[in-house]
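K.L.:
Start counting the sequence shown at 434; every next residue gets the next number (our numbering).
To be clear, the hints were calculated from the coordinates, so they are not data collected in a lab.
Here the structure is a predicted model, which is why all the values come from computation and not from measurement.
Keep in mind that the hints are not guaranteed to be accurate.
Derived BS3-like pairs (lysine-lysine); straight-line CA-CA distance at most 25 Å [said to hold, decoys possible]:
1) Lys652 / Lys626
2) Lys626 / Lys490
3) Lys568 / Lys500
4) Lys635 / Lys490
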Amino acid sequence: MAGHSKWANIQHRKGRQDEKRGRIWTRLIKEIAVAARLGGGDVSTNPRLRLAIDKAKDQNMPADNIKRAVDRGSGNLDGVDYEEIRYEGYGINGAAVLVDCMTDNRTRTVADVRHAFAKFGGNLGTDGSVAYLFKHCGQFLFAPGTSEDKVMEAALEAGAEDVINDDEGGIEVICAVADFAAVKEYLGKAGLKPDVAEVVMKPSVEVLLTGDDGVRMQKLLDALENLDDVQEVYTSALIGE
Numbered sequence: 434m435a436g437h438s439k440w441a442n443i444q445h446r447k448g449r450q451d452e453k454r455g456r457i458w459t460r461l462i463k464e465i466a467v468a469a470r471l472g473g474g475d476v477s478t479n480p481r482l483r484l485a486i487d488k489a490k491d492q493n494m495p496a497d498n499i500k501r502a503v504d505r506g507s508g509n510l511d512g513v514d515y516e517e518i519r520y521e522g523y524g525i526n527g528a529a530v531l532v533d534c535m536t537d538n539r540t541r542t543v544a545d546v547r548h549a550f551a552k553f554g555g556n557l558g559t560d561g562s563v564a565y566l567f568k569h570c571g572q573f574l575f576a577p578g579t580s581e582d583k584v585m586e587a588a589l590e591a592g593a594e595d596v597i598n599d600d601e602g603g604i605e606v607i608c609a610v611a612d613f614a615a616v617k618e619y620l621g622k623a624g625l626k627p628d629v630a631e632v633v634m635k636p637s638v639e640v641l642l643t644g645d646d647g648v649r650m651q652k653l654l655d656a657l658e659n660l661d662d663v664q665e666v667y668t669s670a671l672i673g674e
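Using the sequences and the hints, build the whole thing.
P.N.:
Here it is, written out as structure tokens:
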């Protein structure tokens with residue numbers, strides 16, 4: 434099935450992330466520690482930890498840093514205990530926004546998130562106000578030019594739920610969270626390397642924002658992503674040219 438053109442949005446987001454590698458490492462260390470605390474330090478029995486470590490390796494994080502984060506989460510090293518919090522809100526023209534945080538100070542975090550929303554034209558909502566508009570799933574994104582037939586065949590054989598074509602030629606593969614690791618491994622064996630492979634909150638409906646609205650929405654998203662306690666930001670906004 435055809436979908437909105439979103440490749441420029443993806444590339445823009447990746448570019449911003451690449452510029453903030455140090456911050457990415459900090460966020461991944463938090464994720465590894467929390468995953469190890471909640472599910473144990475064995476990647477064979479803790480898929481969340483396995484995913485976090487894979488992402489850390491993709492970002493060229495040294496093995497010693499990864500091990501320390503696992504040990505800290507498992508209780509073998511002293512460290513800060515983080516709690517997970519999700520905030521929900523509205524951006525420009527009512528676009529839905531989810532903000533996933535890890536923090537050791539809930540009061541500080543909610544104040545920072547509320548301030549970012551208010552400063553850049555959004556509103557912090559209540560629990561459940563927009564979360565129902567998103568689906569928790571595995572997502573693989575392939576750049577334009579990738580063989581659609583090859584991706585389609587491998588994805589369906591791997592147990593993926595859907596394959597979506599982007600208007601610019603990009604390909605998106607969606608799977609259940611529980612199947613993420615298996616689908617990723619199968620795609621790799623088929624010689625397919627996605628540009629993005631993540632467990633995400635995917636919007637069920639996207640809101641196209643262009644011109645000044647798109648610029649304002651991007652400023653809001655950037656402000657949220659730049660907060661120290663923020664891990665991920667998801668939105669239903671699709672920012673056009």
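K.L.:
Each of the hints needs a verdict: does it hold here or not?
P.N.:
Status of the hints after comparison with the structure:
Proposed proximity of Lys652 and Lys626 is contradicted: the alpha carbons are some 31 Å apart, above 25 Å. Restraint check for Lys626 and Lys490: the C-alpha separation of about 15 Å stays at or below 25 Å, so the hint holds. For the hint pairing Lys568 with Lys500, the CA-to-CA distance comes to about 31 Å; that exceeds 25 Å, so the pair is violated. Only pairs whose Cα atoms come within 25 Å are accepted, and Lys635 paired with Lys490 is accepted, the gap being roughly 24 Å.
The structure does not agree with the numbered hints 1 and 3 stated previously, though it agrees with the rest.
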